[in-house]
Amino acid sequence: MDKLLRLLSDNSTYSTSELSMLLGESEQAIKERIDAYEKQGVIKGYRAVINWEKVADSGVTAYIELKVTPTKDKGFDEIAERVMAFEEVSSVSLMAGTYDLGLTVKGDTIQDVSSFVSRKLSTLEGVLSTATHFFLKRYKYDGTVLTDTAVDERCMQF
Amino acid sequence: MDYSKYLNKTIQSVKPSGIRRFFDIVNEMDDVISLSIGEPDFRTPWHVRKAGIDSLENGKTWYTPNRGFKKLCQEISGFVNRKYNLDYNPDTEILVTVGGSEALDIAIRCMVNPGEEVLVHQPSFVCYEPLTKMCGAQAVVMNTKAENDFRLKPEELEAAITEKSKLLILSYPNNPTGAIMTKDDLQVLSEVIIKHDLLVISDEIYSELTYKDKHVSIASLPGMRERTVVINGFSKAFAMTGWRLGYAMGPKEIIAMMTKLHQYCIMSAPTVAQYAAIEALKNGDKDIEHMRSEYDMRRRLVVGTFNAMGLETFEPLGAFYCFPCIKSTGLTSEEFCTKLLHSKHVAIVPGDAFGECGEGFVRVSYSYSINHLTEALGRIKEFLEEL
Ligand SMILES: Cc1ncc(COP(=O)(O)O)c(C=O)c1O
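So the sequences go chain by chain: E and A. Numbering-wise (our numbering), the first sequence opens with residue 1 and increments by one. Numbering-wise (our numbering), the second sequence opens with residue 1001 and increments by one.
If you are wondering where the hints come from, they were derived from the structure by calculation, not from laboratory data. Some hints could be false.
Within a straight-line C-alpha distance of at most 35 Å, the following computed DSBU-like cross-link-like pairs (lysine-lysine) qualify [said to hold, decoys possible]:
1. A:1381 to E:3
2. A:1282 to E:3
3. A:1214 to A:1133
4. E:3 to A:1183
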C-alpha cells in the first residue's frame, strides 16, 4: 500500500514538507500525488478524530445488523442506497456472514434510535429483520486508542 | 565504615557515567518529551512473544546448555550466513549471552591482560572504556570526525597503535552517530589490523538497521575471521531489549574461553528468551523489514528537520540516532541539553556522554512515533528561535 495514504490516514495535518521528508520525495511530487488521489476520489476528505466519550451531549450510537432480500437486478445495492439516504445512518457496509448490511446509526437518545429503527428502518420494503446493539464505551476507534494514552515505560539507558 | 578501604580498587577507579546527573533531572520532571531513549519503541513482534509464552505454558523453565540451545545456535549460524555471509559452526563457534552487553564484557576479559592497550573509537557506546579498565588494561581513544562521517580511518588507527596495543573495538553501525562503515572502509582498516596483528571485537548490534547498503561484517573480509569476535543480539533487530539476549561468534578457541567464563558467572542465558529468539530468527524477517522502513521514514524527517533548522546533521545510515552539530549556537552540549530540557521540556543526550570528542553534538534518538517526533522537533525549533 502507498505509504502516503497510510501517513495521511494516521494524521491528515502533515504538511507537504513533512511528507516530503518522511517519504523522500519532492514537495512537488507529494502535492501532485495528493491532488490525483483527491480527483480519483481515493482521498474523500480530511477530518479530526474526536473522542466523543469526552464530549457532553454527544448522543448515542448503535450498530445495527440488517437482514434483507436482495433485488433481482441490483442485488444489495438498491436497498443499501435507500438505507444510506437516511441522515441518521452514518455508515453502511455489506457483510459476509449471518446478516447482510451492517449500519451505524446516531441519535440524541436511545429512544430516537429505537424509533428510527422501528418506524423507518424495519418498515422498508425488503428488510427482513434488524438487531440493534448500542455502543456503551469506545476504547479504540479506527486505529486510535481513546482511553488515556499509555506512558512511555522505557528507561533512560544508552 | 570507610568502604573505599574495603572495596575493589580497580572498580573504584572507574568513574560513574556523568550523564546520570542529567538523567536524574529528566526523571524528576513530568511532561518531559524525550528523544533520549536508546531502544526500539516497537514491542517485540507478537509471534515472538507467543513463542516465549508457549514455552512457559509448557513448563520449559530449566537452564539451557551453557552455550545456549543447539537449535538457537543453528538458527543464529544460518541467519548470519544468510545476512552477512559469515560462516560459524553452531557447535563450537557461537555463544548465546545475556545481551550483547555480557558478550562484550566477557570478550574483553578473555582477550586482554593488565597493562595492554585497547583501541576504542569515539563517539561510541559507553561501556567499552570502563570494561577495559576493569580488566586493568588501558583504553586508547581514537576520535572519529564529522568530516569523515564518523568513520574510523586507517591513519587514525595507525596513529593510535603502540607495542602495547592488543585489541580494537569496532562499533558500527554506530551509537550515537548513526555512522556505518562500508566494505571499502573496512577493507583498508583490516590491512592495518593485520599488519599490527591486532584482535578485534566488532559490536554489530545494529547490523539489521541500515538504510542504504546492507551491513558488512569485518569478519567476512580476508584474514579477519581468525582475529575477530563478532557481537550481535536480539535487542535492536527484533525489539527485544528486555529479554536480555545476545551472542558472540568467533574462532572456537576464543569462544571456548568465553564459554568457560560465561559458565562460571552466568551459567546460561534466559531460557524463555531463547525460545522466543528461535522464533524470531526463523520467522522474523518481515518484522525487521517493517521496523526498518518505519525508522527510515523517521530518520529522513528528523535529519531533514534539523538541517532545515540550521543545525548541521550528517546523514546517519544506520542505527536509530542522529547526531546534530550544535556548535553554531555557541553553547556546549551539556548547556544546550540542559537549557532545552528546562525551557521546552525536551530531553536529548549531550554528545560528550559518548566521549570527549562528542562535545559540540547532541544525540537524538528517532525511536519514537512520528507524532511524538514532530512535537519534539517543533519545540526544539522554538528553542532555537528564542536563543
Ligand atoms: C552499540 C551498542 N552495543 C551494545 C548494546 C547492548 O545491547 P544489549 O545488551 O541489549 O544486547 C547497545 C545498547 O544500547 C549498544 O548501543
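A quick look at each hint next to the structure:
Straight-line distance between C-alpha atoms of residue 1381 of chain A and residue 3 of chain E comes to about 26 Å, which keeps the hinted pair within the 35 Å bound. About 27 Å separates the Cα atoms of residue 1282 of chain A and residue 3 of chain E, which keeps this hinted pair within 35 Å; it holds. Between residue 1214 of chain A and residue 1133 of chain A, the direct Cα distance comes to roughly 34 Å. Compliance with the 35 Å bound is thereby established for this hinted pair. For the hint pairing residue 3 of chain E with residue 1183 of chain A, the CA-to-CA distance comes to about 31 Å; that is within 35 Å, so the pair holds.
In summary, this structure violates none of the numbered hints.
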